[in-house]
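Start from the sequences and build out the full structure, keeping to the hints where you can.
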Amino acid sequence: MENIEKAVAKGAELEVYYFKGMVGKGKVNHFLTAGKEHLRRDAISGQKKDFMKSQGFLALKDDLEHLQKDPRGDSTSQYSREVQRLFLSSLSEEDRSFMEASEGLGNSQKAEVAWLEKKGYAYTEVDVSSWSHDS
Amino acid sequence: MAMELRGSMVSPLVTGRVQVTGYQKLVQDAEGSEEPGSAHESDAKRHAEKSQAGSVVLENDLKAAIEVKFSGEVSVIYPSDHKFFDTTSEMVMQVSLRDDASISGTCLVFIGLSSLRASESFGSFGIEVAEFLQKEQLEVDRERELQQERKESMNHVIEEEIRAQDKTWCAALPILAFCGLLFSGLLVLCVSVEPQDWASALMLSLAVMLMFYCMFGCCAGTFVGLQHLASQAASHFATARFLAELGPLVWIFLGFLCLAAAAVRYIHAGFWWSALMPGLICYCASTFTCLGEDPAILRIGRDPPIASVFKRNAAERTIVFRGSVLEGGGPCVASWPGKYESAWDSLVQGSRRGYVSAAVVFLPEGSEHFGHHDPIPLAEGLEGSCWCVPLYGVGVPVVDKMDGKHRESCC
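Protein chains in written order, with the numbering used here: chain A, 1 to 135; chain B, 1001 to 1411.
Derived lysine-lysine pairs resembling DSS-like cross-links, with alpha carbons at most 27 Å apart:
1. B:Lys-1151 <-> A:Lys-20
2. A:Lys-53 <-> B:Lys-1063
3. A:Lys-61 <-> B:Lys-1069
4. A:Lys-61 <-> B:Lys-1063
5. A:Lys-61 <-> B:Lys-1135
6. A:Lys-118 <-> A:Lys-20
Under 7 Å between C-beta atoms, here's a sample of chain B residues computed to sit facing chain A:
7. Asp-1081
8. Glu-1139
9. Val-1333
10. Tyr-1340
Hint data in this document are derived by calculation from the structure and do not stem from the laboratory. C-beta atoms are modelled at their ideal positions from N, C-alpha and C, and glycine is treated no differently.
Below you can see the structure in the form of C-alpha cells.
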C-alpha cells in the first residue's frame, strides 16, 4: 500500500493485471464486503479437499489420469482445470455462481483492487497475456 | 466394461446431483465387474449386442476431455475412453472441448450407425482440438524451459553467495580457532589458581565466567564455520557432519568440567559462595544440553546441515521483491495475478534492471516483514487493528501460494 501511495504521488498510471481473457472480472462487490466474500470463498474452497476424497471423484480418477498434468504459464494443467470444473459442478447453484463470478483476479488482488477503488485511485485493467507478449 | 461405465459416470457430476442414485449404481456395477482377463472379450461382445440393439459408441481418441450433448443428456468422455448412446431415431450429436467450449462439432446419428470417433466424425472438430493441444503443449514446453532457467539462475545466485560466505569463513576460522584455544588456556589457568581471600575468590570466579563465555563464543563460531566448509566440500559424508556437530559439544563439555573443577576448588578453599556462579552456568547448560523436550545432544545429526540453511536463506533473499516505483508518470504495476509465475519473474527482472515500475511485493515465508501486520491509519476510519480485517475478514495474514512460497497479501 505504501508503494501504491508512492506511485500515486509520482503521478504513475496504475495497472491491474487480470487472468488471461478475464479483464474486468473477479472483483469483489464492495470494499466493505471484501472480508465477508473472502471468508465465503475460503470456506467453499475448503470443501475441495473433501470432494477429492469423495467416492464420485475417486471413481473418475483413472480417467483423469489421461489428462496432461504439466502446467502452462498460468500454473494450471488440463488435469487441474478438469478437477476444478468437477468440483464446481458438485457445488450448489448458488455457490457455483459465486465461485465462477470470482474468477479473474487472485485472492490478494481482489483486496488490492477493492482498496484502490475505495481510495478512488484510477487504474487501467490489463490482460496478463499482453505482458507475456511484451516481455 | 469398466471404461464404458466410467464414461457414463461423469454425467451426474456434470449435470448436477439429481442422478446420484443412478451414479451410485454405476459405481457398484464397476466394482463388481468381471475378471481383468475377460474384460476385452466381454467389451467386444457387449459392443456387438448394443449395436444390434440400436446403439452407437463414441470413442474419444483425442488427448483432451470432450463434452457430449445427445438426446438431452450431457456427458463427458476422457481421453482413451468411450461411451455408448442409444439411437432410436435420427438425432444430432454435439461435441465440444471441455477446456474451450467454442471448439465444437456436430454429427448426425442415425439407426444403424455403430461407431464414431471424436477426431474424425465431427467435421473440423478433431483438427481444431489438435491445434488447441499443440498450442497448449508449446505453452507447457515454454513454461518448463522457463522453470528450468529460473532454477539454474537461482542456483547460480546461491552458489555465488555460498562462495562469498566460504571466503568469509576461511578468513574468520583461524582467528576464531586461535581465540578459542587462547580462552580455553586462560580458563584452565584461572581454574588452577587457588583463591587466597574473598576478594581473589570473587575476581577468579568472575574471570572463570568471562573466559568460559569467550571460549564458548569462539568455539561455537569455529564449528559453525567448520561445518559449513565441511558440508561444502563433502556434503554426503554424514560422519564428517556428525563429528562437526559433536565437536563443539565435546569442547564445551570440557569447558563445563573446568567450571565444575573451579566450583569444587572454591568450596574446598572455603569460598563456597563464589562457586555459585560457575555452578549456576553448569546447571543451566547441562539442562539445555541433556534435558528438556528437545535436548541439544539428541539433535546431533538430525538438524538440517548448516549449508542447507545458508542455501535456503540465500534463496529467500533472491526472491524477495519489495517493488520499485520509478520516477515519472509512466505505467506502474499495482496488482499482479501470482499464478503467472514466469511472467512475474520477467516483471521482477525488469524492475530490478530499472525499466519496469512495480508497486507489488513478494515476501516469501521467513523473510523480514513476512506476516507483519500493517495497521490501518486512523484517517481511514475503519475497524480492525490491521488491513487484514476489512480485506480478508480475519486478523491473520492471508497469503497466496506461489512457487512453493507465499506471497504476502496485505500487511
